[in-house]
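So the sequence lines, in the order shown, correspond to chains A and B.
Heads up, the first sequence is in the working numbering, so the first residue is 1 and it goes up one at a time.
Heads up, the second sequence is in the working numbering, so the first residue is 1 and it goes up one at a time.
Rather than coming from a laboratory, the hints here were simulated on the basis of the structure.
Warning: the hint list may mix true and false statements.
[Said to hold, decoys possible] Covered stretches of chain B, as calculated for chain A (at least 3 residues, CB under 8 angstroms):
hint, region
1, 46-60
2, 72-86
3, 185-198
4, 254-263
5, 267-274
[As the list claims (entries may be wrong)] One-sided and incomplete, this derived list gives chain A residues near chain B with beta-carbon spacing under 7 angstroms:
hint, residue
6, Leu178
7, Gln192
8, Glu203
[As the list claims (entries may be wrong)] Pairwise CB distance ranges (calculated):
hint, chain 1, residue 1, chain 2, residue 2, range
9, A, Ser3, B, Gly170, 21 to 31 angstroms
10, A, Gln7, B, Asp111, 42 to 52 angstroms
11, A, Ala168, B, Glu156, 49 to 59 angstroms
Being a predicted model, the structure only gives us computed values, none of them experimental.
Don't be surprised by glycine CBs; every beta carbon is placed ideally from N, CA and C.
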Amino acid sequence: MRSEVLQESLSALMDNEADDLEVRRVLQAADQDPALRGTWERYQIARSVLHKEHWQGSADLSAGIAAALRDEPELNMQPETVAPARSGLWRNMSRVAVAASVTMAVLVGVRMVNQGDVPTQPNLAADTPVVAPSFATSAARSGAVLAGYSDSSSAGAEPIATAQAPSAWHEQRIGRYLREHAENSAQFSSPQLVPYARAASIEGR
Amino acid sequence: MVILKRGWGCCYLAALLVSPAALANDAASWLQRMSDATSQVSYKGAFVYERSGSFSTHQVWHRSTDQVVTERLLQADGEPHEWVRRDGHVQCASSYSAGPVWDAASQSPQDVETLSQWYSLEVLGATRVANHAATVVSVKPRDNLRYAYELYLDSETGLLLKSLLINERGTLLERFQFTDLTYTDIADANLEPGAACLQLGVTLKGEQEQPDWQPGWLPPGFTGGPTDVRAFSVDEPAVSSRVYSDGMARFTVFVEPLGEDRLANDLRAQLGPTVAVSRKLNAADGVFLATVVGEIPPEAAERIAASFEPGLESVQ
Chain A
1 MRSEVLQESL
11 SALMDNEADD
21 LEVRRVLQAA
31 DQDPALRGTW
41 ERYQIARSVL
51 HKEHWQGSAD
61 LSAGIAAALR
71 DEPELNMQPE
81 TVAPARSGLW
91 RNMSRVAVAA
101 SVTMAVLVGV
111 RMVNQGDVPT
121 QPNLAADTPV
131 VAPSFATSAA
141 RSGAVLAGYS
151 DSSSAGAEPI
161 ATAQAPSAWH
171 EQRIGRYLRE
181 HAENSAQFSS
191 PQLVPYARAA
201 SIEGR
Chain B
1 MVILKRGWGC
11 CYLAALLVSP
21 AALANDAASW
31 LQRMSDATSQ
41 VSYKGAFVYE
51 RSGSFSTHQV
61 WHRSTDQVVT
71 ERLLQADGEP
81 HEWVRRDGHV
91 QCASSYSAGP
101 VWDAASQSPQ
111 DVETLSQWYS
121 LEVLGATRVA
131 NHAATVVSVK
141 PRDNLRYAYE
151 LYLDSETGLL
161 LKSLLINERG
171 TLLERFQFTD
181 LTYTDIADAN
191 LEPGAACLQL
201 GVTLKGEQEQ
211 PDWQPGWLPP
221 GFTGGPTDVR
231 AFSVDEPAVS
241 SRVYSDGMAR
251 FTVFVEPLGE
261 DRLANDLRAQ
271 LGPTVAVSRK
281 LNAADGVFLA
291 TVVGEIPPEA
301 AERIAASFEP
311 GLESVQ
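So here's chain A without its partners, still in its complex pose (with noise of 0.2 angstroms):
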């Protein structure tokens, strides 16, 4: 009975159709059943199948609906009170909300690579500290960020991880050649735009 529940509230996650109270059980159950997070996994792919949507199958998202959650405020009900009820008002505020923070901690999980990346990580001179990811220490701080949303307190170390300690005249050219090779792929005409705006990224630092 309990697992039909539980299964019943995975199914409505799945959908955006959750309120607050099912997701927060299904991530407790999912804490402590390794076979309702398999479930969990299966139905992402399968989703992202559906929606035909790239999806990694290594990230679990869990832990990053827990943060965004636990940065909300809790809940002033009873668990029977609401778990039956599947209309009105109030459920679909809290449907819209919760689908919210589902959506923000999807985009936490499916991050953009960055330099906190192990396998990513430069193999050379293993002897001198690697930069850190100022992007991955200040999304983990604030639990949900969106990629890229935190602009301003990452702008003065987000671009490069080095291996050791560039020189600055090294570390002022890379930035110049990185600009140099994203506005001379933007200057072809191409079918994609994606050149120009990988440009006016760079230029936008």
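Once you've looked at the hints, dock chain B against the given chain A.
Structure of chain B alone, referenced to chain A:
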């Protein structure tokens, strides 16, 4: 009844045998339509671009008349980054370098046939982007020397509505996506550059003789354009640069001399989808710095950077 069943079985089998090739052909023709769409439709719209550490919104006005494409792009948030391009040439840009026009002719048109040699092409299905029906084409590398793309094309016009760049571990590296798109004639006024859009600077052609450093190894399928030699500023030695592309991915190789006030070491940097790998090159006539910059996996860039040899014409 039996005959009917047999009939279905035969068709099903035929479909199984035919479909992979047919799918690839279909995807290839979609990519061709995407290339053609640029010069066939006029539109205005808005799009977003997202990568690690950056999220920006942009507006675009695009006019195609008699094969002449004029396009104005304006960043809608932050600094008003602007770009006006006419017939393949940038008219003005609000870029800090306002660099010279690179030879657009060196860009070979995207050859879909060649592309399928290095990428497997597949139509994944249909969805909706910016309120337009979209066809999803996946462009997956056949080796680990390039990234994968997921392209969402307008099912009616072939215009690229959304593009995802994905690495070999399935991580999303960047997202480009229209949020609003209207096919319409574009008035002249909408293509007029604003005050922020500056005329391009003068080319500082480098005349110095430089040893011709070239990578000894390239990922298969990549071909180079002409080598360009010029200085970034008046009082600096010339930098030679060369662009390489496989039809989807692109990287640039920069080589310039080092000196007392121009110190550098081997280095690897990553900005969103773009990697930069520097290698110091020792030669009889001085020390040079070669840097590979592009939207390719770091491992591929490392391998290119490690293969530099003086005066050796690169493969391809």
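Do the hints match the structure? See the list:
1. For the region 46-60 of chain B, the proposed coverage by chain A is satisfied: 11 residues have a C-beta within less than 8 angstroms of a C-beta in that chain, meeting the threshold of three.
2. Coverage of the region 72-86 of chain B by chain A holds [criterion: at least 3 residues with CB-CB distance below 8 angstroms; count 7].
3. For the region 185-198 of chain B, the stated coverage by chain A is violated: 0 residues have a C-beta nearer than 8 angstroms to a C-beta of that chain, whereas at least 3 were required.
4. Only when three residues or more bring their CB closer than 8 angstroms to a CB of chain A does the claim for the region 254-263 of chain B stand; here the count is 4, and the claim holds.
5. Here the region 267-274 of chain B counts 8 residues with a CB under 8 angstroms from a CB of chain A, which clears the bar of 3, and the coverage holds.
6. A hinted interface residue such as leucine 178 of chain A counts as satisfied when its beta carbon comes closer than 7 angstroms to some beta carbon of chain B; here the least separation is about 6 angstroms, so the hint holds.
7. For glutamine 192 of chain A, the interface hint holds, since its Cβ comes within 7 angstroms of a Cβ in chain B; the closest pair sits about 6 angstroms apart.
8. A cut of 7 angstroms between beta carbons decides the hint on glutamate 203 of chain A: the least distance to chain B is about 5 angstroms, and the hint holds.
9. As the Cβ distance of serine 3 of chain A to glycine 170 of chain B is approximately 30 angstroms, the hint placing it in 21 to 31 angstroms holds.
10. About 50 angstroms separates the C-beta atoms of glutamine 7 of chain A and aspartate 111 of chain B, a value consistent with the hinted range of 42 to 52 angstroms.
11. Here the CB-CB span from alanine 168 of chain A to glutamate 156 of chain B is close to 52 angstroms, well matched to the stated 49 to 59 angstroms.
Hint 3 from the earlier list is the only one contradicted by this structure; the remaining hints agree with it.
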